[in-house]
Amino acid sequence: MNLFKKIDINGLKKTIQSYGPRGYVVKTERDEAGVDGRIVTYIDKGSYVAEQYKVLRTNLYSLSAEKPIKTVLITSSHPQEGKTITSCNLAVSLSMDMEKKVLLVDSDLRRPTIHNMLGLPKKPGLSEIFNKEIDIEYFIRKPAIGNLYVIPSGSTQINSSEMLSSTKVKDVIDKIRAEFNYAIFDTPPILSVTDACILGSLCDAVIFIIKAGVTQRDVIKEAFHMLEGAQAKPKACVLTNVRYLLDNYYFYRYKYYKYSEQA
Amino acid sequence: MKAESPEVSLSSIEFIVEHPWFFISPIVIIMSLTSAFLSCMPLFYQSSSILSLESPGGDVISAKFIQKKEDILSGVLMGDGIGNIAKEVWPDIDEKAEPVKYNNLVERLRSPKSGIKLDYNTGKTPTKPGGQEFLTVSFSDTDPNLAYNVVKTTVNMIKKVSKEKAEGEIEVGLVFLRKQLEFYKEKLQVIDNEISRLKIDLKTKYPDMTEDERYLMDEMLGGISVKDYSIKTYTRVERIMKYEDKSTELKLRLLELQKKKDVIQRQIEKKEFIKAPSLSPQETENDSFVKQYSAAIASKELSMSEFLSQGFTSEHPQIKQIQSEVQRLRALREQRIKELISSEMVSGGADKASEEKARNELKDIDSEIEVINMKIDALDNYKKTSEGGSQSPASGKNAISDEISKLLEIKNEKDINQGYYNDIRQQLEAAEIKSRLEKSDVGININVIEEPRVPLDPIPNQKLKFILMAFALSATIGTGLSYIVYVVDRSIKSSSELREFLQVPVLASIDRISTYDEFRIEKIRRNIIAISLITFALLSSFIAKILVKIF
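Taken in sequence, the protein lines are chains A and B.
For any residue, its number in our numbering is found by taking its place in the first sequence, counting from 1, and adding 770.
For any residue, its number in our numbering is found by taking its place in the second sequence, counting from 1, and adding 148.
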């Protein structure tokens, strides 16, 4: 019986339920402020997934050790691979550091989602800035959620590529670079539209999102080829949709959490 | 220091967890099909019998014994042997009318898995002289009676074949002898019947026979009542018979001579030796000798035709004998007729020399008559002395003696046949003894130690074995399938793979994040698969039950 007490069956059950192959299930759909439950770093700060984003943040810091990285573009080869969630979570986790000013830009002008994720109004946004209807200062003045500044997409644009290739864009990015410590650009998928290529050449780093078990090798090769052609070779990758097995790693970490909770 | 994203070790079962349904589905499907099949499987009943095989020499381990044993068993289970078993077990099935069905049955009996099984148990002191080898014959079927019948028939067949093998070679000679014996037995029966018929005839014809004659007749007819007469009487009667035979012969000769004498005397008196006309066939027939010969020939021919009508061939020794006898009699008759004619011719001379010759002849005849008369007298005397005070022969004595002589012939015939019969019987006995001696060295002693019985309990079925086998198979298939799917999938699955593939740092591996909706959809999808698998399992068992009921 002592053995059973030591094993802590309920704990094991919980572990299996929360770390099983099915992955992380959101705690709430949306909080009072209208922030999506998938932005784990904001909603469920203590969860292991939030911890994974912290790992991402740390690695980003170390990536910028040689050459400082201020503007980060996040893209993927196909839609539904986790670009928006990753960029939101990364931005939120970066903004946790109170010393740093972080901006999240929704540069997916065709199918924008960040405003929905964060519970913000769609307009005014990036397209309004490009159309000179509104000044960028409007967004720099106050953070949207927590310590995070957000520029939504604005009104949906069909000719987004033309808009992004205008000289105005460079000015905007320069301004952002001057104002913020980090700026995260969420972009449309690279094999669908060329927006990411244009913006990528203007940003310091391109982070490529790969959905584990879905994104095919050939597709990744093709996307990398396109980005390289646009002088925007990805500096790093992020693997999403990973379904870990019950690895010892997690048990140890779970134990660690239990330990920290008790403390 | 660069913080690495957690490295996930690729455990060997990862591909199964990656594609659980590819692993689970084959297991469920194959297991449910197996269980359905097992529920369809009928109960089997096994019947068995134990035989002991032993060579007459006692030493079962000899090569000769093994050869014989194999001969016997191949005779039972190979070729026509198994067909004979099938015919005996299923007597209604016609090989020609339903060849497919018949062949199927034969194949079923012959099949090494489901057919008749022969198991040896040689562990019981086989090296010692007089040791036994045990053979278990078994057969299993859904029908206990059928299983019993097959085993019973097989055991009988083994015994039969063993017997046949042992007797086969010797039997050929014995069969011939037995047939011969049967033939002579029948023939003797025919003769006996003939004799008894004649006896009845005699009795009805001559009701006033003397006791001696009756005895004589009985004696002729096969010694029916020897014990009723003393040996003395027998010898006396026999003697009388001999005297009578002799005296009749002499009397006939006397008659002949007197006739000859009369003719010559007449010729001398008349002194004219007129050439007498040659005797006509009728006249020669009147001669008593010729008459006797003819009668004998006729009786022989009659008996011969009788034999032939009963199916005897002309090559038969009996008939050959009769034929030779007939020929001899015919030759005698011819000679007699020639003599008669020549005597007539001789008396046809007309000169003195011939007269003188005739006179001399007359003298010779006279002297001969005198001698014969003397002999007859002597015989009469002997007869009288041997008869003692007995009565004189009955009036129809001559007729009786004729009949009795006929009987004699038949008896003679019977004796000959009896001789043959005895000869053959002796040969047969010798052959049988010889065969019995040889047989003891030829065959194998087969004893039934345990008789086959109608099985009452079914064989404990091997369902667990089947289920375990099915599980192993289905697990293998499932593992293989999920592994194939895993290998064929060209997507990136882990950070290490990605790092190797792109040569670009991987900043993080983020766990799957799903909303309630996604989670619910996933759950529903999983439930649908699970439910469909369960439905399949239930349906298959249900269908199996229905099938069992139908068939």
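Simulated from the structure, these hints should not be mistaken for laboratory data.
Errors might be hidden in some of the hints.
Stated by the list, open to error - Capping the alpha-carbon separation at 27 Å, the derived lysine-lysine pairs in BS3-like fashion look like this: (1) A:K893 - A:K837; (2) B:K265 - A:K797; (3) B:K408 - B:K418; (4) A:K824 - B:K641; (5) A:K797 - B:K408; (6) B:K300 - B:K347; (7) A:K1003 - B:K390; (8) B:K249 - B:K212; (9) A:K797 - A:K840; (10) B:K611 - B:K265; (11) B:K351 - B:K308; (12) B:K265 - B:K409; (13) A:K991 - B:K641; (14) B:K235 - B:K216; (15) A:K797 - A:K945.
For clarity, every value in this text was computed on a predicted model and none was experimentally measured.
Violated hints, by number in ascending order, as checked against the structure:
1, 2, 5, 6, 7, 8, 9, 11, 12 and 15
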